[in-house]
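S.K.: Here are the chains, one letter per residue:
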Amino acid sequence: MIDGLLILLLFQFFGEIIVRLTGLPLPASVVGMVLLLLALLLETPFTQRVAPAAGGLIKHISLLIFPLGVGIVLQWDRYQDNALALGVAVVLGTLISLVLVTLMLKVLFRDGGRKGETPHE
Amino acid sequence: MNELTGLVHTPLFGILLTLASYRLALWIYGRSHALPLFHPFIVASIPVIVILPLVGVDYTEYRQQTSAISFLLGPATVALAWPLYRQLHTVRSVWKPILIATAISAVLCAGIAVGLAWWLGAPSAVVGSLAPKSITTPIAVEVVKSTGGYVSLAAGAVAITGIVGALAAGPVFRLLRVTDHRIRGFALGLVAHAIGTARAFEYGEKAGAFAGLALGLCGLFTALALPWVWPWIAGLLG
Numbered sequence: 000m001i002d003g004l005l006i007l008l009l010f011q012f013f014g015e016i017i018v019r020l021t022g023l024p025l026p027a028s029v030v031g032m033v034l035l036l037l038a039l040l041l042e043t044p045f046t047q048r049v050a051p052a053a054g055g056l057i058k059h060i061s062l063l064i065f066p067l068g069v070g071i072v073l074q075w076d077r078y079q080d081n082a083l084a085l086g087v088a089v090v091l092g093t094l095i096s097l098v099l100v101t102l103m104l105k106v107l108f109r110d111g112g113r114k115g116e117t118p119h120e
Numbered sequence: 000m001n002e003l004t005g006l007v008h009t010p011l012f013g014i015l016l017t018l019a020s021y022r023l024a025l026w027i028y029g030r031s032h033a034l035p036l037f038h039p040f041i042v043a044s045i046p047v048i049v050i051l052p053l054v055g056v057d058y059t060e061y062r063q064q065t066s067a068i069s070f071l072l073g074p075a076t077v078a079l080a081w082p083l084y085r086q087l088h089t090v091r092s093v094w095k096p097i098l099i100a101t102a103i104s105a106v107l108c109a110g111i112a113v114g115l116a117w118w119l120g121a122p123s124a125v126v127g128s129l130a131p132k133s134i135t136t137p138i139a140v141e142v143v144k145s146t147g148g149y150v151s152l153a154a155g156a157v158a159i160t161g162i163v164g165a166l167a168a169g170p171v172f173r174l175l176r177v178t179d180h181r182i183r184g185f186a187l188g189l190v191a192h193a194i195g196t197a198r199a200f201e202y203g204e205k206a207g208a209f210a211g212l213a214l215g216l217c218g219l220f221t222a223l224a225l226p227w228v229w230p231w232i233a234g235l236l237g
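Listed in order, the protein sequences are those of chains D and G.
When we follow numbering that gives the first Met the number 0, the leftmost residue of the first sequence carries the number 0, and every step to the right adds one.
When we follow numbering that gives the first Met the number 0, the leftmost residue of the second sequence carries the number 0, and every step to the right adds one.
Simulated from the structure, these hints should not be mistaken for laboratory data.
Computed from a predicted model, the values in this text were never measured in an experiment.
Cβ coordinates follow ideal geometry from the N, Cα and C atoms, glycine included.
Be aware that one or more of the hints could be misleading.
Said to hold, decoys possible - Calculated cross-link-like contacts (lysine-lysine; reagent style DSBU-like; alpha-carbon spacing at most 30 Å): (1) K58/D - K205/G; (2) K95/G - K58/D; (3) K95/G - K105/D; (4) K205/G - K95/G; (5) K205/G - K105/D; (6) K105/D - K144/G.
Stated by the list, open to error - Chain D is nowhere near these chain G residues, computed Cβ spacing over 12 Å in every case: (7) L3; (8) V7; (9) L34; (10) Q64; (11) S66.
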C-alpha cells in the first residue's frame, strides 16, 4: 500500500516537473499517468507494486469526486439560467453519442475483429 | 454552545460528513443491486446538500474542508495507468480498430455535448464544462481547467452522463442488435466512463475489460488533445 502510494505520488511529481519545464498545457497528473504506463510497459522494477494503492483509489473514486459535484446544487443560482441547455446537452447528447458510437463500433469491429480473431475467442 | 457551533467550520466536520455520506451511499448501492440510478455519486451527495445549508457552511468552505480528499484525485489519475496496462495485454489483437474508435468517439462525445449546449445559448464557461463529460471524472476535473469551465459542473455532467449511458445501454444494444460483448463493453467505456464500465462487467469479464480499456484510452486521448484544440473551438463558437 505504502509502496503503491509512493509510486503514484512520485509519478505525479515527475508529471509536474515535466509540465513546469516544458509549459505543456496538460494536467500534470495525466502526464504522470502516461509516464507510469510507460514504466509499466517497460517492466521497470518496483512499479508493479502500484497495484494495491491504485486499485483502492480507483475503487473509491466516487468518494473523491462527489464533494465537487454537490456544487451543482449548492451553487444552482449560477447554473439555473442554463438549465435547459445543460439538461439537453447532457441527457440527449449522451443518448445520441451512445447510438453513434455503437454504430461506429459495429462497422469497425466487423473489419478489424475478423482479422484479429484469436483462437480463444 | 459557541464551542460546539464552531465545530462545523473545521475540516474534521467536512471530512466526517463526506465519509459518512459515502458509506451510507455504498450501503444503499449494494442493497439496490448496483442500479445506476443509485450510484454512490448521486446518493452520497444528498446528505451533504441537505446538511451544509442547515449548519451554515457554504460550498466554498466545504471545498476547503475537504481539500485533503480532493488532493487524492491527482494520485488517482496517475493510478489509471494500472488498469490500462492490464487491459492493453488482453486486446493486443484488435488494437487498430480500438485506437480509431477511441479517437472518433472522443471527438463525437465532446462535440455533440458542446454543440448542443452552444446551440441552446449556454455561455462559454458552461459549454467548456461539458467538453470532458464522457471521460473519467479525475481527468475531467483537471481538463476542464483548460477549457475555462466550472469544476463542479464538469463533475456533475460526467456523473449524469455515466448514469444516462449505463441506463440507456440495454435498450440501445437491443435496438441496434448488438450481441458482441467487445462492442457492448467498448461503447459503454467510451460514452459512460467508470459507471458504464461497472455496467459492462454485468455482461461479463470480456465486456468489462473492453470498457476499462475504453475508459482509459478515451480519457487519455481527450486530456492530451483538448487543451490544444480548445482555444481554436472557443474562437469558433465566439
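S.K.: Does each hint hold? Answer for all of them.
M.R.: Verification of the supplied hints:
Of the supplied pair hints, the one linking K58/D and K205/G holds, its CA atoms being roughly 19 Å apart against a limit of 30 Å. About 29 Å separates the Cα atoms of K95/G and K58/D, which keeps this hinted pair within 30 Å; it holds. The suggested pairing of K95/G with K105/D holds, with an alpha-carbon distance near 14 Å, which does not exceed 30 Å. A hinted pair counts as satisfied when its Cα atoms are at most 30 Å apart, and K205/G with K95/G qualifies at roughly 18 Å.
For a cut-off of 30 Å, the pair hint linking K205/G to K105/D stands: about 16 Å separates their Cα positions. Among the hinted pairs, K105/D with K144/G is inconsistent with the structure: their alpha-carbon atoms are about 34 Å apart, more than 30 Å. The claim that L3/G is not at the interface with chain D holds, since no C-beta of that chain comes within 12 Å of its own (minimum 23 Å). Against chain D, the non-interface label of V7/G holds: every CB pair exceeds 12 Å, the least being about 15 Å.
The beta carbon of L34/G is kept farther than 12 Å from every beta carbon of chain D, the shortest such distance being approximately 14 Å. Against the 12 Å criterion, Q64/G falls within the reach of chain D, whose nearest CB is about 9 Å from its own CB. Its beta-carbon lying about 9 Å from the closest one in chain D, S66/G breaks the requirement of being farther than 12 Å from that chain.
Checked against the numbered hints above, the structure violates hints 6, 10 and 11; every other hint is satisfied.
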